[in-house]
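Chains as they are written, first to last, in this note's numbering: chain A, 1 to 114; chain B, 1 to 113.
One should not assume that every hint holds.
Pulled a few chain A residues facing chain B out of the computed Cβ check, cut under 8 Å [claimed, not checked]:
id	residue
1	V3
2	R5
3	I7
4	K10
5	A11
6	E15
7	V16
8	Q25
9	E28
10	V92
These aren't lab readings, by the way, just hints derived from the structure by calculation.
We put the CB at the ideal spot given by N, CA and C, even for glycine.
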Amino acid sequence: MEVVREIELKADPEEVWEALTDESQLEEWFANDVELDPTPGGRGVFRWDNGETREATVESVDEGERIVLRFDDDGVVDLRVVATDGGSLVEVRESTPSWSTAIEFRALAACAIR
Amino acid sequence: MRDPVDAVFSALADPSRRFVVETLATRGSATPTELAAGLPVTRQAVAKHLAALRSAGLVEASRTGRETRYALTPAPLASAVDWIEEVGAAWDERLDALRRLVEPGDKTPRSRK
Numbered sequence: 001m002e003v004v005r006e007i008e009l010k011a012d013p014e015e016v017w018e019a020l021t022d023e024s025q026l027e028e029w030f031a032n033d034v035e036l037d038p039t040p041g042g043r044g045v046f047r048w049d050n051g052e053t054r055e056a057t058v059e060s061v062d063e064g065e066r067i068v069l070r071f072d073d074d075g076v077v078d079l080r081v082v083a084t085d086g087g088s089l090v091e092v093r094e095s096t097p098s099w100s101t102a103i104e105f106r107a108l109a110a111c112a113i114r
Numbered sequence: 001m002r003d004p005v006d007a008v009f010s011a012l013a014d015p016s017r018r019f020v021v022e023t024l025a026t027r028g029s030a031t032p033t034e035l036a037a038g039l040p041v042t043r044q045a046v047a048k049h050l051a052a053l054r055s056a057g058l059v060e061a062s063r064t065g066r067e068t069r070y071a072l073t074p075a076p077l078a079s080a081v082d083w084i085e086e087v088g089a090a091w092d093e094r095l096d097a098l099r100r101l102v103e104p105g106d107k108t109p110r111s112r113k
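With the sequences and hints as input, model every part of the structure.
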């Protein structure tokens, strides 16, 4: 099961990459309190004000382009940055292994006909 | 045995079957007669559609007396839909916040540093 989002940003890819990997910048948009070592095998701890905490390991990093986090609940967050004419495109994929493919398609079908 | 994903796709390819799924989603459950009332097809045709939806794992039947009621197979489907919606909504919010962080506001000149 996977959720995919894309956003175009009027900002340089380098700047966006910083926002995706720097602890204090992540605290501005991703979680309220962030510890992250953005290197392969590095650990991340993300805390939200509602009491939720998620911990992750950095699965891979293509410097400036892509970082993949594997959360301890086996969810995966894959963040990519691509340079565009007007700035950057960020693509997010969050996936979870919690549901089988068959159920995934049923869920998508259910969403589609809502 | 067919691939379950194929089964779901072909089950939902038919507009009458989508109507059945929609009706069950809104009403909770229904009998073939009730479903046929909303469709330009016979009760027998509805029964066939229900059989197709059942073999795709989308609906289940329960018998009370002489009546068979059909409902959508519930829990895993609902929680999977919830997951898609919740995680999607969380990312929509986060990406808006990311935009506010990295895009220069009206007051800030485009090129800083």
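Results for each hint:
The beta carbon of V3(A) comes within 5 Å of a beta carbon in chain B, closer than 8 Å, and the hint placing it at the interface holds. Look at R5(A): its Cβ gets to within about 5 Å of chain B, closer than 8 Å, so that hint holds up. Taking 8 Å as the C-beta contact cut-off toward chain B, the hint placing I7(A) at the interface holds, the least distance being around 4 Å. With its C-beta approaching chain B no nearer than about 5 Å, K10(A) sits inside the 8 Å limit, and its interface hint holds.
Checking A11(A) against chain B: minimum C-beta separation of about 4 Å stays under 8 Å; hint holds. For E15(A), the suggested interface contact is upheld, since its CB lies about 6 Å from the closest CB of chain B, less than 8 Å. A cut of 8 Å between beta carbons decides the hint on V16(A): the least distance to chain B is about 6 Å, and the hint holds. Annotation: Q25(A) was flagged as interfacial toward chain B, and the flag holds, the nearest CB pair being 7 Å apart, inside 8 Å.
At its closest, the beta carbon of E28(A) sits 5 Å from a beta carbon of chain B; the interface hint therefore holds under the 8 Å criterion. A distance limit of 8 Å between C-beta atoms decides the matter here; for V92(A) the minimum to chain B is near 6 Å, and the interface restraint holds.
Going through the hint list in order, the structure satisfies each hint without exception.
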